[in-house]
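Take the sequences, apply the hints, and build the full model.
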Amino acid sequence: MNHKPYSGRLLAGLAAIVFAAVACGSTSAPAATSKGNITIAGFAFSEGSVLAELYGQALQHDGYKVTFKLNLGSREVVAPAIQSGQVDVYIGYAATDLEYYNKGAGEATGDPDATTSKLNSHLQSLGLVALKPSAAVDQNAFAVTKATQQKYSLAKLSDLQPVAGQLVLGAGPECPTRPYCLPGLMSSYGLHFKSFKALDTDGSLTRAAFKNGSIDVGLVFSSDGDLNSLGLVVLQDDKHLEAADNVVPILRSAVANDEAKKVLNGISAKLTTSDLVTLNSQVQIQHQDPDAVAKAWLEQHNYGS
Amino acid sequence: MATGLFLQAEEQPWILWDWLFTHLSRFTDAMQQHVELTFIAVAIALVISIPLGVGAHRWRSVRNPAYVVFGIFYTIPSIALFALLIPYTGLSITTAEIGLVGYSVLIILRNVVVGLDSVPPDVIDAANGMGYRPMARLMRVELPLALPAIFAGVRIATVTTIGLVTITAVIGLGGLGQLILQGLVDDFRTPLVVATALSVALALVADLLLAGMQRLAVPWSRGA
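Taken in sequence, the protein lines are chains P and B.
Under our numbering, the first residue of the first sequence is numbered 1, with each subsequent residue one higher.
Under our numbering, the first residue of the second sequence is numbered 306, with each subsequent residue one higher.
None of these hints come from the bench; they were simulated from the model.
Ideal Cβ placement from N, Cα and C applies to all residues, glycine included.
Wrong hints could be hidden among the right ones.
To be verified - Here are the computed distance ranges between Cβ atoms for each label pair:
hint: 1; chain 1: B; residue 1: Ile320; chain 2: P; residue 2: Gln236; range: 37 to 43 Å
hint: 2; chain 1: B; residue 1: Thr327; chain 2: P; residue 2: Pro162; range: 49 to 55 Å
hint: 3; chain 1: B; residue 1: Asp323; chain 2: P; residue 2: Tyr152; range: 39 to 45 Å
hint: 4; chain 1: P; residue 1: Asn265; chain 2: B; residue 2: Tyr393; range: 29 to 35 Å
hint: 5; chain 1: B; residue 1: Trp322; chain 2: P; residue 2: Ala147; range: 53 to 59 Å
hint: 6; chain 1: B; residue 1: Val373; chain 2: P; residue 2: Glu174; range: 40 to 46 Å
The structure is reproduced here in structure tokens:
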């Protein structure tokens, strides 16, 4: 439904206008009245489409008329679009968006609320507002295999402290110099690994290394769709080393009324990182359509059709 | 999100036929958008290039600035261009076409000028001797003789634009580029392979059609 060419959308739009005009002419049922129009943008990767569909369909369910603008390249496209009112909402990530709007000033921390309020201080003058960050997060994370997790009964990164000396860490070649990686693991968690293997950042080399057992701990992204199928478990970042890339709706202040905020916050409150992993795997691995997996999630969470 | 293109290499087939057949409408819609974006871009570029090319052929004071302006335009990265345009023209077909037309004009314009420049001086003398006034001479002698070069420009511009349309995927258009992008981002071969093949086929068919039109319009020239 979101992949019609613009002419199809134009026709659909015209049809909707004609229909609305006819509906207004006749004394229509009050249920048909819309709470307003909202255009929601999605970034061009599967999680971007899934998130836009989740929040957008929830707004539709609440009675808004929602237009989806999916598969937009990046913030370089989405930021001017929302500032000029082409788009009303997009679903961003607290730390990444903060570092975009503050031009890489390095203000993002591991605390999602503090990061979001910093983000809001930069958004205010642009006529934008970021809502409450969700617990769902797509950020750098360290994973182990299920076997390793059970062997050492690991749940969070600090659990690694007594056993790190027996384990090999794998990540991108930049890891030994980046604060979020090896130096941070040493200073924040006191982890001193047996050795470090330079692989790739969350790529196929890391996965192959997990598979053949040449690493025990590896850098991934917390919402990767293939974590479950590869039998990987993300260890909780209990000391907040990683910048808080929690999912956060960003909208124009002009459309941020209580009603819209309530709907968007409702989704943020229910969405979890493990939901994101599942939704991403449905789209990326099972090749289901983002609108369909979002609809199914909403139905599970009592946004009946 | 940057998961294993290599790891999956043995497991993932080049084309998942089930998925393809349930998503055929995405491919036909994308093809249609691709053709429309290309056609509009080349048509507008041609409308701009012919009068501009005639002016550039006559007057050096038009030629150099026109080449410089469109030459500089050609060097602007598309994403930067779109980011600049979005506040004014939005995430619209207009934004996409401003980029695509600009890139096509440089190609067609140069060919119009080259075509007009290559009309032999004695032909022009003969036309003058037969009493053609400048406008009639342009329309009935010079432009027809420049047609093979102009057609060559249109063919290059069309094939180039069919490739370039994919860059408009960043503003949510892009025709087949949308599916190619999805294939790359998700490591999903089916849309990547099928959309790429369709894009190549589209370029070949368009070039053949234009070659056929050229034979009809300029029967005295063969080849090129």
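Against the structure, the hints come out as follows:
1. In this structure the hint that Ile320(B) and Gln236(P) lie 37 to 43 Å apart at CB holds, the actual value being about 40 Å.
2. Checked against the given bound of 49 to 55 Å, the beta carbons of Thr327(B) and Pro162(P), roughly 51 Å apart, stay inside it.
3. In this structure the hint that Asp323(B) and Tyr152(P) lie 39 to 45 Å apart at CB holds, the actual value being about 42 Å.
4. Taking 29 to 35 Å as the suggested C-beta distance range, the pair Asn265(P) and Tyr393(B) conforms, at roughly 33 Å.
5. Look at Trp322(B) against Ala147(P): about 37 Å separates their beta carbons, and that is not inside 53 to 59 Å.
6. Look at Val373(B) against Glu174(P): about 42 Å separates their beta carbons, and that is inside 40 to 46 Å.
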